[in-house]
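A.B. asks: Residue numbers (this note's numbering), protein chains in the order written: chain W, 75 to 223; chain Z, 3 to 125; chain D, 146 to 340.
By construction, these hints were calculated from the structure, which means they are not laboratory data.
Quick reminder that beta carbons are idealized off the backbone N, C-alpha and C, glycines included.
Be aware that one or more of the hints could be misleading.
[Stated by the list, open to error] Under 10 Å between C-beta atoms, here's a sample of chain W residues computed to sit facing chain Z:
1) Ser80
2) Val81
3) Ala116
4) Ser139
5) Gln152
6) Ser164
[Said to hold, decoys possible] A few chain D residues that don't get close to chain W, going by computed Cβ distances all over 12 Å:
7) Gln159
8) Leu173
9) Trp177
10) Leu198
11) His208
12) Arg236
13) Glu263
14) Leu288
15) Ser316
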Amino acid sequence: MNDVDSVADVIAVACLLVGAFFCLTAGVGLVRFPDVLSRMHAGTKPQVVGVLLIMTGSAIRLVGSSVIWMLLLVAAFQLLTAPVSAHMVSRIAYRRRHVRRDLLLVDELGGGPDLYRGDEPADAPPEEPAQAFVESQPDQGTGAGDGKA
Amino acid sequence: MTVVSVLTFAMLGGGVLLSLVRLARGPSLLDRVVATDALLVIISAGMAVFAALTRNPTVVPVLVVVSLLGFVGSVSVARYIGGMLLESANDGRPAAAEAGTAEPAGAAEPAAAGRTTTEGDRT
Amino acid sequence: MTASDVAVRRLRNQVPLLVSLVLVWNLLWGTWSWANLISGTVVALAVTWLLPLPPVAGGASFHPLAVVHFLGHLIRDLALSSAQVAWDAIRPSGLRYGAIISVQLRTDSDLLLTMIAETLCLVPGSIVIDLDREKRVFALHLLSVRDDAELEEQRVRVRATEDRVVRAFGSAADIAALDQQPDQPARRPAGRSTS
């Protein structure tokens, strides 16, 4: 391992550390957030910024070799593709009702009859999953509370 | 320098572990898609950190491939699920199923609830 | 319209794509040389010929000053939004309520709407869930909101983002449309009333 010997290296290392921290928070968000849509936020924004920072740091460290263009390319791809996949996944998630409606303040799209009638699958999960779970198991109804974690 | 590498790799490793937790637990397929996407991105970030700390650019081409592969993977799985959705909408009985789950708590309810527990959609 | 006319138009639609493909090819090789340029052109032609894309209707223009303004805001928004999501993730009290709102946009161009949707995924707090192309209504998921005032704030922010994108990349007609229709309330999407 080479030592840190210049201002540029210090900046690069700072970029790497902050980027790694953002990747960590993306992981934390993935675990802690309650439904697919919120997790999508965690998987998109800190992730993209983390990767951008790490690519910047690597580019500074590897300056002079031809691969820094590749790093630039990776960063650009990340910036372009992350919103696309986020949009596709969250769209499907909404249509398949993987949404915790009890955690929504408003839902202005909600059950718009002409928008979603017939587009949701016949086997869609029920509107209130936790409640349906309680109703399906009257003898162990208290077990449903842990789903709220 | 050692401190820096330990710190960054620890944070990235933490991120990987947490996305693995989501990948294992994630109740629905979509959660797993999100987790896989995040996992691949963090892995490519880890490779970039390795390249940066050792000043060794060998792994950088792999990084391009991995980052594109993550995108293609998550989009194709999302499209696959969307295709399932369209098919089930077109098979002629969405309106009946809607009425069945809404009105009587008899026949349709246990089936729907059972699916909820197997698919684990209550998290 | 003659056949050559069609061919010219097709070529004009393809040129930005070709240029960007050649650029990506050169970046992948990491060095600039004539061999890379020529092989990149060959590869780009092969790709566009084998996997043709539908032409993007209504080309975009490019306003340098506005683009700089847009990029500056994008970088600031990126930093802000990821810090915010990171804080939401690690703060002990967890998430507040989420929300799904719909916002009426004023642009009517496929390309611009795509860019707006991409940008909105990266600005603080929102992810585009759905887009009603005909009525130009976006549905956004907000990660963390406190009250209705914050919803209005987000709406204003979405409009501002749209404004910046259109002023940076829109044609003159798009920009005119932006000024022509003043902010109209989008509390209820038009889809609700038609049922």
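A.B. asks: Any hints this thing doesn't respect? Which numbers, in order?
C.D. replies: 1, 2, 8, 9, 12, 13, 14
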